[in-house]
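J.: Same order as they appear, the protein sequences are chains A and B.
Under my numbering, the first residue of the first sequence is numbered 1, with each subsequent residue one higher.
Under my numbering, the first residue of the second sequence is numbered 446, with each subsequent residue one higher.
Warning: the hint list may mix true and false statements.
Said to hold, decoys possible - Derived lysine to any residue pairs resembling SDA-like cross-links, with alpha carbons at most 25 Å apart: (1) K675(B) <-> A295(A); (2) K387(A) <-> G184(A); (3) K547(B) <-> A593(B); (4) K293(A) <-> V490(B); (5) K293(A) <-> F652(B); (6) K296(A) <-> K403(A); (7) K293(A) <-> W683(B); (8) K675(B) <-> V61(A); (9) K39(A) <-> W578(B); (10) K293(A) <-> L515(B); (11) K370(A) <-> A197(A); (12) K39(A) <-> F652(B); (13) K327(A) <-> G71(A); (14) K403(A) <-> F652(B); (15) K153(A) <-> R438(A); (16) K119(A) <-> H563(B); (17) K330(A) <-> G184(A); (18) K153(A) <-> D439(A); (19) K267(A) <-> Y471(B); (20) K39(A) <-> V490(B); (21) K44(A) <-> H563(B); (22) K119(A) <-> A440(A); (23) K235(A) <-> A442(A); (24) K39(A) <-> A590(B).
Claimed, not checked - Facing chain A, a subset of chain B residues (Cβ under 10 Å, in silico): (25) A557; (26) V560; (27) T572; (28) Y582; (29) I657; (30) E662; (31) T663; (32) L672; (33) L674; (34) K675.
Derived by calculation from the structure, the hints in this document are not laboratory data.
Since we're looking at a predicted model, the values are computed, not measured.
Quick reminder that beta carbons are idealized off the backbone N, C-alpha and C, glycines included.
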Amino acid sequence: MSSTLSRRRLLGLAGGAALALTPLGCGGGDGASTFSQPKGEVPKQYAKRQRVVVWYPYTGVPADAFTRLVGRFNESQQDIYLEAQFQGTYDEVAQKLAAGLQARQIPDLCVFSEVTWHKFHLNDTLEPLTGYFDNGFSPAEYVDSLIAEGTVKNEVWWVPFGRSTPLFYYNRDMFAKAGLPDRGPKTWDELREWGPALQRVSVGGRAPKLHAYPQVDGDWMFQGAVWQWGGNYSKGMDVTIDAGGAVAAGEWQRRLIHVDKLAYMAKSPRVDFTNGLIATLQDSTGVLGALDKEAKFAYGAAFLPEQQAFGCPTGGGGLAVLAGPPKERKRAAFEFIRFAAKPENAAQWSIDTGYLPSTKAAQQTPQMLKLFTDRPGYKIAVDQLPKTQAQDPVRLLVPNANKSIYGGLQKIYADNQPAQQVFSSVAEELRKSAESVRDAVARHS
Amino acid sequence: MTTRLRRFGLYVLLALVGVVMVGPLYWLFTSSLKQPGEINTFPPVWFPTDPRWSNYAEAWRAAPFGQFYLNSIVTTAAGTLLEVANAVLTAYAFVFLRFPAKRVLFAVLLGALMVPGHVTLLANYLTVADLGWINTYQGIVIPGAASAFGAFLLRQHLLTIPTEIIEAARADGAGHPRILWRVVLPLSRPMLITVTIVSLVGKWNDFIWPLIVTNTETMRTLPVGLLLLKNADGYVNWGAVMAGTVFVVLPVLTVFLVAQRYIVAGLTQGAVKG
Numbered sequence: 001m002s003s004t005l006s007r008r009r010l011l012g013l014a015g016g017a018a019l020a021l022t023p024l025g026c027g028g029g030d031g032a033s034t035f036s037q038p039k040g041e042v043p044k045q046y047a048k049r050q051r052v053v054v055w056y057p058y059t060g061v062p063a064d065a066f067t068r069l070v071g072r073f074n075e076s077q078q079d080i081y082l083e084a085q086f087q088g089t090y091d092e093v094a095q096k097l098a099a100g101l102q103a104r105q106i107p108d109l110c111v112f113s114e115v116t117w118h119k120f121h122l123n124d125t126l127e128p129l130t131g132y133f134d135n136g137f138s139p140a141e142y143v144d145s146l147i148a149e150g151t152v153k154n155e156v157w158w159v160p161f162g163r164s165t166p167l168f169y170y171n172r173d174m175f176a177k178a179g180l181p182d183r184g185p186k187t188w189d190e191l192r193e194w195g196p197a198l199q200r201v202s203v204g205g206r207a208p209k210l211h212a213y214p215q216v217d218g219d220w221m222f223q224g225a226v227w228q229w230g231g232n233y234s235k236g237m238d239v240t241i242d243a244g245g246a247v248a249a250g251e252w253q254r255r256l257i258h259v260d261k262l263a264y265m266a267k268s269p270r271v272d273f274t275n276g277l278i279a280t281l282q283d284s285t286g287v288l289g290a291l292d293k294e295a296k297f298a299y300g301a302a303f304l305p306e307q308q309a310f311g312c313p314t315g316g317g318g319l320a321v322l323a324g325p326p327k328e329r330k331r332a333a334f335e336f337i338r339f340a341a342k343p344e345n346a347a348q349w350s351i352d353t354g355y356l357p358s359t360k361a362a363q364q365t366p367q368m369l370k371l372f373t374d375r376p377g378y379k380i381a382v383d384q385l386p387k388t389q390a391q392d393p394v395r396l397l398v399p400n401a402n403k404s405i406y407g408g409l410q411k412i413y414a415d416n417q418p419a420q421q422v423f424s425s426v427a428e429e430l431r432k433s434a435e436s437v438r439d440a441v442a443r444h445s
Numbered sequence: 446m447t448t449r450l451r452r453f454g455l456y457v458l459l460a461l462v463g464v465v466m467v468g469p470l471y472w473l474f475t476s477s478l479k480q481p482g483e484i485n486t487f488p489p490v491w492f493p494t495d496p497r498w499s500n501y502a503e504a505w506r507a508a509p510f511g512q513f514y515l516n517s518i519v520t521t522a523a524g525t526l527l528e529v530a531n532a533v534l535t536a537y538a539f540v541f542l543r544f545p546a547k548r549v550l551f552a553v554l555l556g557a558l559m560v561p562g563h564v565t566l567l568a569n570y571l572t573v574a575d576l577g578w579i580n581t582y583q584g585i586v587i588p589g590a591a592s593a594f595g596a597f598l599l600r601q602h603l604l605t606i607p608t609e610i611i612e613a614a615r616a617d618g619a620g621h622p623r624i625l626w627r628v629v630l631p632l633s634r635p636m637l638i639t640v641t642i643v644s645l646v647g648k649w650n651d652f653i654w655p656l657i658v659t660n661t662e663t664m665r666t667l668p669v670g671l672l673l674l675k676n677a678d679g680y681v682n683w684g685a686v687m688a689g690t691v692f693v694v695l696p697v698l699t700v701f702l703v704a705q706r707y708i709v710a711g712l713t714q715g716a717v718k719g
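Can you make the complete structure from the sequences, with help from the hints?
T.: In structure tokens:
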């Protein structure tokens with residue numbers, strides 16, 4: 001040590017240190033199956049309780065509502081403290097959880113979207129929940145179509161929380177001026193017949209268009225259209241977007257845009273609707289509150305139009321418990337699921353956020369009945385709910401399937417390419433990507 | 446006559462670039478004062494006649510922006526200081542020291558320059574988690590403490606310093622620390638400021654890493670805080686979102702405007718000397 005450290009020796013040491021540091025993080029190994037909790041802060045009065053962490057993606061109004069719900073939960077408990085941690089969008093939550101699983105530091109409870117939960121289910125990182133239900137609380141309390149979506153092989157993995165579906169909206173003022181009935185169209189063909197009458201209505205010197213299709217994420221609404229035309233994105237994991245209903249629906253929309261000139265592709269159909277550029281809109285039930293604030297006219301809400309059949313997909317979020325944490329933490333996490341499903345809590349959460357009530361009893365609570373009279377459109381969304389269904393597997397399970405499909409729709413909407421040609425190439429893409437998850441899906445169904 | 450015409454053309458071009466640069470900023474500031482109904486209308490509202498200052502109050506109330514400011518200032522200041530210090534020492538070593546495998550190491554440095562940040566995201570997260578630094582200031586700062594870009598930029602500049610000056614200093618008995626502090630740094634002021642600003646802006650605006658590495662609102666920075674203003678599905682008051690964006694942009698914009706003449710000098714300096 002007394003000899004002066006030569007430069008060469010110093011460099012050698014530094015290099016060695018660098019090498020020694022590299023494997024950091026790769027260690028840990030699978031031997032120790034302990035998952036630590038993400039760090040955070042516990043208020044003093046809750047310091048002695050079992051701490052449980054939930055990761056959530058809500059911002060703005062739903063974030064406030066979620067914080068209040070968690071606050072009420074903590075007040076109702078004796079031994080459990082739930083800490084809610086915001087982690088970005090649904091996709092960012094999933095991304096961070098994937099990193100957290102590698103670093104073995106994960107929350108106990110997590111809010112997933114209808115797409116993101118599948119990835120974690122397929123990788124066996126979610127806890128099966130059926131055993132946690134008891135006499136006081138059964139899965140049958142949830143709306144059937146919603147709980148069915150999170151149930152695989154008779155096990156509940158993902159319970160509905162903050163769900164929404166598409167809904168049909170129309171400009172009542174325009175409909176009145178055009179001499180049309182004050183209701184949504186029964187079929188898409190009926191809507192098309194209404195086109196010429198609406199063309200005679202003038203808004204700011206221009207005739208409004210009948211309808212607009214979204215530029216991005218159009219694949220969610222189009223899932224409904226595919227069913228309405230009697231088709232499917234996929235049957236099981238077998239892609240069927242290049243045949244039957246999907247192609248017919250795509251062709252119908254192409255004609256409405258490029259031949260009839262009654263519709264177009266819009267950056268945000270909702271903005272165009274509130275500005276009176278289009279007479280009808282298909283959008284999430286979640287925008288009801290926004291329409292109340294933004295539309296300067298009376299709007300009506302209706303079930304989605306049918307064609308050969310009715311079809312409406314579900315969307316939005318749900319809660320799942322992670323498999324990694326020790327039993328007592330998972331039990332504590334489930335207590336929040338139980339709390340959130342209580343009629344008054346489920347109703348309040350829906351009223352605060354605009355999401356649909358996910359339990360049957362919540363729909364009968366006094367505060368919900370009051371909302372039905374205050375906001376009639378919301379009642380229609382709730383009435384439509386039992387008729388909705390989970391999206392076709394390929395859209396939910398195949399990585400980036402949504403992007404492939406709405407990319408295809410853009411080619412139909414903007415470039416006037418034939419639906420058959422577009423969906424043949426989309427199908428090819430989907431079949432290729434489906435291979436990457438096929439084995440995992442087969443193991444889990 | 447032709448020079449006048451050229452001058453005129455130049456001014457038109459300048460005005461065009463100016464509009465492209467300033468336009469979005471103008472839109473940001475005016476939108477932050479608009480009523481909710483004025484945001485998404487056509488024809489657009491170019492000037493809000495009835496400014497809605499409450500957008501700012503609404504944005505400030507929507508999330509703990511005071512805490513976000515503090516966190517952003519602490520992590521950006523510490524991060525920039527470390528990154529610049531690191532870059533200076535690295536560049537100095539590559540230019541003025543003799544050591545084995547210098548070329549290879551420099552090639553490695555250049556290689557690091559090419560690696561996009563997303564590639565190292567997971568590796569950094571695992572390391573930081575192992576160190577127990579999740580949700581801490583050091584967790585946000587340390588992984589970004591070294592940058593190949595800054596080191597590379599400074600090295601290129603230091604190469605242009607005439608060796609005679611260094612030798613003269615050495616002849617006067619100055620050691621490495623003294624040469625660095627008294628000779629090299631004063632000669633590199635524009636480039637140093639450039640590297641500092643680039644680093645500062647990068648850290649101030651960084652979004653994905655602070656989001657991933659922090660869990661609670663008490664540790665979040667401004668860009669992450671902005672996310673809290675935007676309602677994913679449903680009603681968004683864009684006026685308040687724009688007001689929140691002004692909170693984030695204003696400090697860097699000020700720093701940039703004060704320092705920009707040095708930046709221009711710094712970026713072009715190497716070009717002239719070759």
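J.: Hint by hint, say whether it matches the structure.
T.: These are the hints, each one checked on the structure:
With a C-alpha separation of about 20 Å, the suggested pairing of K675(B) with A295(A) holds against the 25 Å cut-off. Restraint check for K387(A) and G184(A): satisfied, since their Cα atoms lie roughly 17 Å apart, inside the 25 Å limit. Under the criterion of a C-alpha separation no larger than 25 Å, the hint pairing K547(B) with A593(B) is consistent with the structure, at around 15 Å. A C-alpha spacing of about 19 Å is found between K293(A) and V490(B), which places the hinted pair at or below 25 Å, so the restraint holds.
Under the criterion of a C-alpha separation no larger than 25 Å, the hint pairing K293(A) with F652(B) is inconsistent with the structure, at around 31 Å. With a C-alpha separation of about 34 Å, the suggested pair K296(A) and K403(A) falls outside the 25 Å cut-off, and the hint is violated. For the given pair, K293(A) sits about 13 Å from W683(B) by alpha-carbon distance, which is consistent with the 25 Å threshold. With a C-alpha separation of about 9 Å, the suggested pair K675(B) and V61(A) falls inside the 25 Å cut-off, and the hint holds.
With a CA separation close to 9 Å, the supplied pair K39(A) and W578(B) stays within the 25 Å bound. Proximity of K293(A) to L515(B) is assessed by CA-CA distance (about 35 Å); at most 25 Å being required, the pair is judged violated. Proximity of K370(A) to A197(A) is assessed by CA-CA distance (about 36 Å); at most 25 Å being required, the pair is judged violated. Among the hinted pairs, K39(A) with F652(B) is consistent with the structure: their alpha-carbon atoms are about 20 Å apart, no more than 25 Å.
Restraint check for K327(A) and G71(A): satisfied, since their Cα atoms lie roughly 23 Å apart, inside the 25 Å limit. For the proposed pair K403(A) and F652(B), the alpha carbon gap of about 24 Å is at most 25 Å, so the pair holds. For the proposed pair K153(A) and R438(A), the alpha carbon gap of about 17 Å is at most 25 Å, so the pair holds. A threshold of 25 Å between alpha carbons decides the hint, and for K119(A) with H563(B) the separation of about 21 Å falls inside it, so the pair holds.
Between K330(A) and G184(A) the alpha-carbon distance is near 46 Å, which puts this suggested pair outside the 25 Å criterion. Pair hint K153(A) plus D439(A) holds up; C-alpha atoms about 16 Å apart against a cutoff of 25 Å. As the CA atoms of K267(A) and Y471(B) are separated by approximately 22 Å, the hinted pair is consistent with the 25 Å bound. About 46 Å separates the Cα atoms of K39(A) and V490(B), which puts this hinted pair outside 25 Å; it is violated.
Straight-line distance between C-alpha atoms of K44(A) and H563(B) comes to about 38 Å, which puts the hinted pair past the 25 Å bound. Between K119(A) and A440(A) the alpha-carbon distance is near 10 Å, which keeps this suggested pair within the 25 Å criterion. The suggested pairing of K235(A) with A442(A) holds, with an alpha-carbon distance near 14 Å, which does not exceed 25 Å. With a CA separation close to 23 Å, the supplied pair K39(A) and A590(B) stays within the 25 Å bound.
At its closest, the beta carbon of A557(B) sits 13 Å from a beta carbon of chain A; the interface hint therefore is violated under the 10 Å criterion. Given the 10 Å rule on beta carbons, the hint for V560(B) is violated: about 15 Å separates it from the nearest Cβ of chain A. Because the closest C-beta pair between T572(B) and chain A is about 4 Å apart, less than 10 Å, the hint holds. For Y582(B), the suggested interface contact is broken, since its CB lies about 13 Å from the closest CB of chain A, more than 10 Å.
Because the closest C-beta pair between I657(B) and chain A is about 5 Å apart, less than 10 Å, the hint holds. With a least beta-carbon distance of about 7 Å to chain A, the hint placing E662(B) at the interface is held under the 10 Å criterion. Interface restraint check for T663(B): the shortest CB-CB distance to chain A comes to about 7 Å, inside 10 Å, so the restraint holds. With its C-beta approaching chain A no nearer than about 6 Å, L672(B) sits inside the 10 Å limit, and its interface hint holds.
With its C-beta approaching chain A no nearer than about 7 Å, L674(B) sits inside the 10 Å limit, and its interface hint holds. Because the beta carbon of K675(B) sits about 6 Å from the nearest beta carbon in chain A, less than 10 Å, this interface hint is met.
Hint compliance for this structure: hints 5, 6, 10, 11, 17, 20, 21, 25, 26 and 28 are not met, and every other hint is.
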